[in-house]
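A.B. asks: Given the sequences, and given the hints that come with them, work out the whole structure.
There are 2 protein chains.
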Amino acid sequence: MDATIQHNKCRIALDVMGGDFAPQNNILGAKEALKLDKSIEITFVGKRNEITKFLSEQKFDKQDYSIIDADEVIEMNDVPTEAIKSKKKSSIVVGLNLVKDNTVDAFLSAGNTGAMLTASTLILGRIKGVGRPTIGTPIPTKRGGVCTLIDSGTSVDCRPNHLLEYAILGSIFVKGMYGVENPTIGLLSIGEEDSKGNELTLAANKLLRKSGLNFVGNVEGRDILAGNVDIVICDGFVGNVILKFAESIADWLKTKIKSYMNESFINKIKTLVAKGIFKNLFSPFDYQRQGGVPLLGVDGISIIGHGKSSPLAIKNMIFNARDIYSKNLVNKFKEAIKNYGK
Amino acid sequence: MDATIQHNKCRIALDVMGGDFAPQNNILGAKEALKLDKSIEITFVGKRNEITKFLSEQKFDKQDYSIIDADEVIEMNDVPTEAIKSKKKSSIVVGLNLVKDNTVDAFLSAGNTGAMLTASTLILGRIKGVGRPTIGTPIPTKRGGVCTLIDSGTSVDCRPNHLLEYAILGSIFVKGMYGVENPTIGLLSIGEEDSKGNELTLAANKLLRKSGLNFVGNVEGRDILAGNVDIVICDGFVGNVILKFAESIADWLKTKIKSYMNESFINKIKTLVAKGIFKNLFSPFDYQRQGGVPLLGVDGISIIGHGKSSPLAIKNMIFNARDIYSKNLVNKFKEAIKNYGK
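Sequences listed follow chains A and B, in order. The number in this note's numbering is simply the position in the first sequence, starting from 1, with 1373 added. The number in this note's numbering is simply the position in the second sequence, starting from 1, with 1373 added.
I should point out that these hints are in silico values taken from the structure, not numbers from a laboratory. Owing to the predicted nature of the structure, the values given are computational and were not obtained by experimental measurement. Please note: incorrect hints may appear among the correct ones.
Straight-line Cα separation of at most 30 Å, DSS-like style, residue types lysine-lysine; simulated pairs [said to hold, decoys possible]:
1) A/Lys1579 - A/Lys1569
2) B/Lys1652 - A/Lys1515
3) A/Lys1501 - B/Lys1569
4) A/Lys1515 - B/Lys1681
5) B/Lys1700 - B/Lys1473
6) A/Lys1631 - B/Lys1641
7) B/Lys1652 - B/Lys1641
8) A/Lys1435 - A/Lys1473
9) B/Lys1458 - B/Lys1681
10) B/Lys1515 - B/Lys1643
11) A/Lys1548 - A/Lys1707
12) B/Lys1648 - A/Lys1648
13) A/Lys1627 - B/Lys1641
14) A/Lys1569 - B/Lys1462
15) B/Lys1681 - B/Lys1548
16) B/Lys1473 - A/Lys1627
17) A/Lys1648 - B/Lys1627
18) A/Lys1652 - B/Lys1617
19) B/Lys1458 - B/Lys1420
Some but not every residue of chain A turned toward chain B, in silico, with C-beta under 8 Å [what the hints assert, rightly or not]:
20) Glu1593
21) Gly1594
22) Arg1595
23) Val1611
24) Ile1615
25) Ile1650
26) Asn1653
27) Phe1692
Where a beta carbon is used, it is the ideal one built from N, C-alpha and C, also for glycine.
C.D. replies: Written out as structure tokens, the structure reads:
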């Protein structure tokens, strides 16, 4: 793919088969996105018959979309590496090949995450100089912004140079997507001093110190929600654990509030009065709003959505893809990695 | 120390110099504990003059305590290994030697955590068969109980057998302290399947599977607050990061509630009405209530408190020590480790 050619329209291929509520949520999300932004062209990838049936029920205008048939589905419990080889006509394999061939500018799927990771790396290829593609996930901070956690679960058992790559890719991503000039980078460790950490972080700290990036040093678990840096770098094992812990906070809060409410009638009244506050507490952890997360470091735009994506999540995922495309981020990643160390 | 001899009274040595609010909070906490439980004997360890002065101001009854002079202090920024060697008359070194000599049954300090860890291991020694002493921290779950996270920051770069040891020690601790019969143990990883994880957890999973412990398999970050197991085992790097992340939730919540409150007058009223709910949300993360955490795997009772310990925290720390002593946990650890693999 030659990503230097930017079209007026952003051509997006959407996996209609991926996700727990496919195809309806996927198609409804696309409809909403098309309504709001005329610069988007949507290609639905999946079982043509199912798509056509659903689209006619929804009274879609035929000129708004195209369909690419993919009559196999990589299921959630399929083993990624095997499924990619055996299901060549699956929506994920077909969709990513559309990006590779430059037929579309981005591919989006709420299907099997492992398959998306593996297939994106194999089909689109890694950007030259990138050892391991990664995912950064924005976590809402108390300052109102986000702290992007990289790697949030793509690679375990990282080497120090992988963490350096995450910092380079993360800097470009956070600047491009959130408009943060020269974002601050922290290395997740168990103490702020450079001498604190495990083998991996001690070595990565040294690489980051001489990287020329806006590296502020080690940060701790508490600095994420506090928003003390724009980007927190860690191994994918740690990132995944933190992310899943963070996702469980809303549920914890809901249970605590419910139990308070059930203690007495007066507590019930108080809770009802205060309803608006809770929305404010839960919504930052609502991953539907965020849509999907792009795989950073592959040569093309591949966005991975949550299995339980709502139409809203699909719509936001489409807008994420559009923004990454219009900001020319893939080329910026390439330049940054190429220029690093020069 | 021969921990098989159980006295009627529990003899506790308290570091009066350790902590950000020493000596006042330490002494006030001890006073509160003595008032509530006559079975406790307190020995204050620290600078005799300072202790005597404060005690007379507080109108302490002389028969309630004894003082052991220790005129050096390991400061918060001292390097633990060096400080232990150079400050032989520090409260931490003197206090732990009192346990070693069987002059007291437990030593408690809210001082330099690293120094407490190192000095406890060096002076009390490790229980035979324990590679690395550890700390387990209870995290409040949505079910109302706690999930104990082991190791919560003592050892980074663990080997698989260390995680097995944590599971053995944790089982005894959680049964003894929280009365949970045959507590369930989960290994913190990035997926529930045995095949998911990093090099460390893949190997530890195999050891735990054949351990005969009540091991339920891998758990994820979300299972901690959900309370899906009684004990979560992990490397100290991961444990420290999770713990500090969890500690920052209350602050995040407070900021979000404050910003909602400041949006309008009506929001302010609503927030005031709902005040009681928030207390319910913050208090589980109030580490003052918990007091301190015992170092598991050393041959004696050594309890490490938070640097910012309030009198309440000190009081609870004293009660923790008393409970560990009266339940004879150190001997139970010894038996469990000795019997393991037989």
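A.B. asks: Which hint numbers does the structure go against, in order from smallest to largest?
C.D. replies: 16, 27
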